[in-house]
Amino acid sequence: MKKYAVTALGELLIDFTENGQSGQGNPVFEANPSGAPCNVLAMLAKLGHKTAFIGKVGNDFFGEMLRDTIVEMGIDASALCIDEHIHTTLALIHNAPDGERDFSFDPNLRPPLWESLEEARKQVLYGLEHCHILKISDNEIQWLTGKEDYTEGVGWINERYHIPLILVSMGREGSRAYYKEKMIEALPFLQENTMETTGAGDTFCGCVLHYICEHGLENLTEENLQEMLMFANAAASLITTRKGALRVMPEKEEIEKLIEERRAIANDRI
999 MKKYAVTALG
1009 ELLIDFTENG
1019 QSGQGNPVFE
1029 ANPSGAPCNV
1039 LAMLAKLGHK
1049 TAFIGKVGND
1059 FFGEMLRDTI
1069 VEMGIDASAL
1079 CIDEHIHTTL
1089 ALIHNAPDGE
1099 RDFSFDPNLR
1109 PPLWESLEEA
1119 RKQVLYGLEH
1129 CHILKISDNE
1139 IQWLTGKEDY
1149 TEGVGWINER
1159 YHIPLILVSM
1169 GREGSRAYYK
1179 EKMIEALPFL
1189 QENTMETTGA
1199 GDTFCGCVLH
1209 YICEHGLENL
1219 TEENLQEMLM
1229 FANAAASLIT
1239 TRKGALRVMP
1249 EKEEIEKLIE
1259 ERRAIANDRI
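Here the working numbering runs 998 ahead of the position in the sequence shown, where the first position is 1.
Take these hints with a grain of salt, some might be off.
Said to hold, decoys possible - When the alpha-carbon atoms are kept at most 25 Å apart in a straight line, the in silico DSS-like pairs for lysine-lysine are as follows:
(1) 1241 to 1255
(2) 1001 to 1250
(3) 1145 to 1120
(4) 1001 to 1048
(5) 1145 to 1178
(6) 1054 to 1180
(7) 1054 to 1001
(8) 1180 to 1145
(9) 1054 to 1145
(10) 1048 to 1178
Calculated directly from the structure, the hints in this document are not laboratory data.
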């Protein structure tokens, strides 16, 4: 019987991201394999974990490309379903000068796929009932809880679902970990050569799960949480300097090198 450190269920798709212009001045889009669950698994695989994916793609060129890609990345694809009646999901992405993205649809919350946003919210809350580790972004927590303050939003969630570890990614503001009565915040690793933010949150999530796989979820100290966030923030910053995500997750050595470089810079300023 095969055993996996992490199995993910969800979407696997193609991100068409801008990559320059044609000779006629038209935007050129590159087909990048993506999808949050497999991005997370790709990061975990890079860190030495055995992973598997459960999902569905269409029986078309892009579906075949995605299957081959996740196998290439070391992710078990035996539970990937090929559907004869649907097309593989495609997303078109425009990158702003600061690397932020504008999607032709929102890849985490897709209003056209729900009868209403209230129904979407209901299903998300159902998922929280079974959750032990929640990674949520700044705008998602505001949408879900109606709270502008992230700590108030986390409080709203925990009053109802008592999730042991909640992580809030805040983009250029860094990240937070809420664990028991502790709240730890870590600064971001801002990059001068950021190209796009696709996969940054997924890379962060994969690194957090890596830390939990190695240390467990019980009795984490403030030092543990700070170490976990720093590693995850560093990895997330590296992915913003690359096109795509799934195929280009950073190596552990790259992440550790960046952390050491930033520590050296900080020490020089003291």
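Outcome of the hint check:
| no. | hint | verdict |
| --- | --- | --- |
| 1 | 1241 to 1255 | holds, 21 Å |
| 2 | 1001 to 1250 | holds, 23 Å |
| 3 | 1145 to 1120 | holds, 17 Å |
| 4 | 1001 to 1048 | holds, 8 Å |
| 5 | 1145 to 1178 | holds, 20 Å |
| 6 | 1054 to 1180 | violated, 39 Å |
| 7 | 1054 to 1001 | holds, 21 Å |
| 8 | 1180 to 1145 | holds, 19 Å |
| 9 | 1054 to 1145 | violated, 34 Å |
| 10 | 1048 to 1178 | violated, 29 Å |
This entry does not satisfy hints 6, 9 and 10, going by the numbered hints stated previously.
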